[in-house]
Structure formats: C-alpha cells, structure tokens
Amino acid sequence: DTGVSQDPRHKITKRGQNVTFRCDPISEHNRLYWYRQTLGQGPEFLTYFQNEAQLEKSRLLSDRFSAERPKGSFSTLEIQRTEQGDSAMYLCASSDPGQAPEQYFGPGTRLTVT
Amino acid sequence: GENVEQHPSTLSVQEGDSAVIKCTYSDSASNYFPWYKQELGKRPQLIIDIRSNVGEKKDQRIAVTLNKTAKHFSLHITETQPEDSAVYFCAARVDKLVFGAGTILRVKS
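From first to last, the protein sequence lines are chains A and B. Residues 17 to 130 (this note's numbering) make up the first sequence, in order. Residues 1448 to 1556 (this note's numbering) make up the second sequence, in order.
Keep in mind the hints are simulated off the structure, nothing from the lab. Heads up, some of the hints might be wrong.
With a straight-line cut-off of 20 Å between C-alpha atoms, the simulated SDA-like cross-links for lysine to any residue are [stated by the list, open to error]: (1) B:K1484 with A:E99; (2) B:K1484 with A:L55; (3) B:K1484 with B:K1515.
Ranges between beta-carbon positions, derived for each pair [to be verified]: (4) B:D1542 with A:G19: 19 to 25 Å; (5) B:E1462 with A:E118: 28 to 34 Å; (6) B:S1473 with A:D23: 34 to 40 Å; (7) B:N1500 with A:E72: 35 to 41 Å; (8) A:G19 with B:Q1528: 21 to 27 Å; (9) B:D1464 with A:A69: 34 to 40 Å; (10) B:N1514 with A:T36: 30 to 36 Å.
Note that the Cβ used here is the ideal one computed from N, Cα and C, for glycine as well.
My request is simple: use the sequences and hints to build the entire structure.
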C-alpha cells in the first residue's frame, strides 16, 4: 500500500495519560500535515512539516501537543496529560506541492479519552 | 486567517436529481480549492479540485466552479446515485487547508 498510513487506528486512554501517534506519508511527499476532526465538523489544521522543518502550528496546538518529523519521513504527534476534550479523530495528510497541491489523507487515529 | 463557510449543512435529493453545494472563502490569497467526500468512519477522499487560474472543471458527473471575484466556489453532482450519500467538505488553501463545516448529502432511491 503506497498511501498514507497511521498507527494506531484506535486508542483509548485514561485522562492524564500521554499518547503518541505515528504517520507514514506517501514516500515521495515532502509535506506532512496533522489535522483534528471532531464529530460533525470538518478537519481542523494542527501543524505541518516541510521535510523535517515544522513550518506552522495552529493555536489549537496547546503546550500539551508536540509533533516531530526528525528525518523528514514519518511523523509523530504526542499529546501529554490527555483531557476528555482531546477525544477526536487525528488525521495525517501528505503532499508534494512541487508536483501538485493535492493532499492525501491517512485513515486517522481515533482517540477516546475516558 | 482564512475562513470557509459551506452551505447547506444537509441536502436531500431524489436519485437522478442534481445536487449543489456552495462555499465561500475570505482570503484572496487562497489558490487551491479541493472537495473531499467522507463516508462514515473513513478518511476524507479527494474527489475533485480546482486551482485559482481556472473557472470550471468537470470529471464525469461532478463539476466544480470558482468565482474568484466573489470568493465562492461550488460543487455540482449530476444524476445522483445512492452511493453519492456521504459528507462533503470544501476547503481553501494558501499553505494549509481550511475546511468548511461539511454538507451531509442524502440521495433517496
């Protein structure tokens, strides 16, 4: 499968725990985006990378959230001290804007904080 | 920053009829406008897109129009089928995508 992959697909955690999600983009894509989607809403931008550089972070990304893309390939999104309001679908997308602007989404990680 | 508004929030049509979803955007620097279809529990799937130097684009039963002056763009689905039932999102982009709130399309057979 050459599409965007995410792991895990589902995560249930207790409030206060830390969680980490992984995204593997399409291999030739140098841009990687993280979005959050809650029920009944469109995806909301969190942050994006150009290769290993994090170029923009949304105000939605509080100090408890951190994202990395150390080698310019896969990326991780960590949420520390999770809160019930963090429950959502976390979507990753990738693109190669030098070739085309299309962003392709992964299947998402559904986080439930109890 | 960019703001995208999408209407209607729900749309019910009879199979075979046309469906139109409209979006407006605020940032005149936005240069790319994709449409995504999302079925329940699945990832958003890109179905069609348009760039700011084009006014209209068609792909079989779907088409998108863009009016840069008015800052609005629309999705047109003709000859709707039950499998078109899903949530549709418009988006506008400078660097990142800003999405509309979505339209639930129901095609009744």
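Hints and how they fare:
1. At most 20 Å may separate the alpha-carbon atoms for a hinted pair to count; B:K1484 and A:E99 exceed this at roughly 30 Å.
2. The straight-line distance between the Cα atoms of B:K1484 and A:L55 is roughly 15 Å, inside the 20 Å bound, and the hint therefore holds.
3. Only pairs whose Cα atoms come within 20 Å are accepted, and B:K1484 paired with B:K1515 is rejected, the gap being roughly 23 Å.
4. Between B:D1542 and A:G19, the C-beta spacing of about 22 Å keeps the proposed range 19 to 25 Å intact.
5. In this structure the hint that B:E1462 and A:E118 lie 28 to 34 Å apart at CB holds, the actual value being about 30 Å.
6. The supplied range of 34 to 40 Å is met by B:S1473 and A:D23, whose beta-carbon atoms lie about 36 Å from each other.
7. Between B:N1500 and A:E72 the C-beta distance comes to about 25 Å, which lies outside the given range of 35 to 41 Å.
8. The supplied range of 21 to 27 Å is met by A:G19 and B:Q1528, whose beta-carbon atoms lie about 25 Å from each other.
9. Judged by the Cβ atoms, the range 34 to 40 Å given for B:D1464 and A:A69 is violated: they are separated by roughly 48 Å.
10. In this structure the supplied range 30 to 36 Å is violated for B:N1514 paired with A:T36, their Cβ-Cβ distance being about 44 Å.
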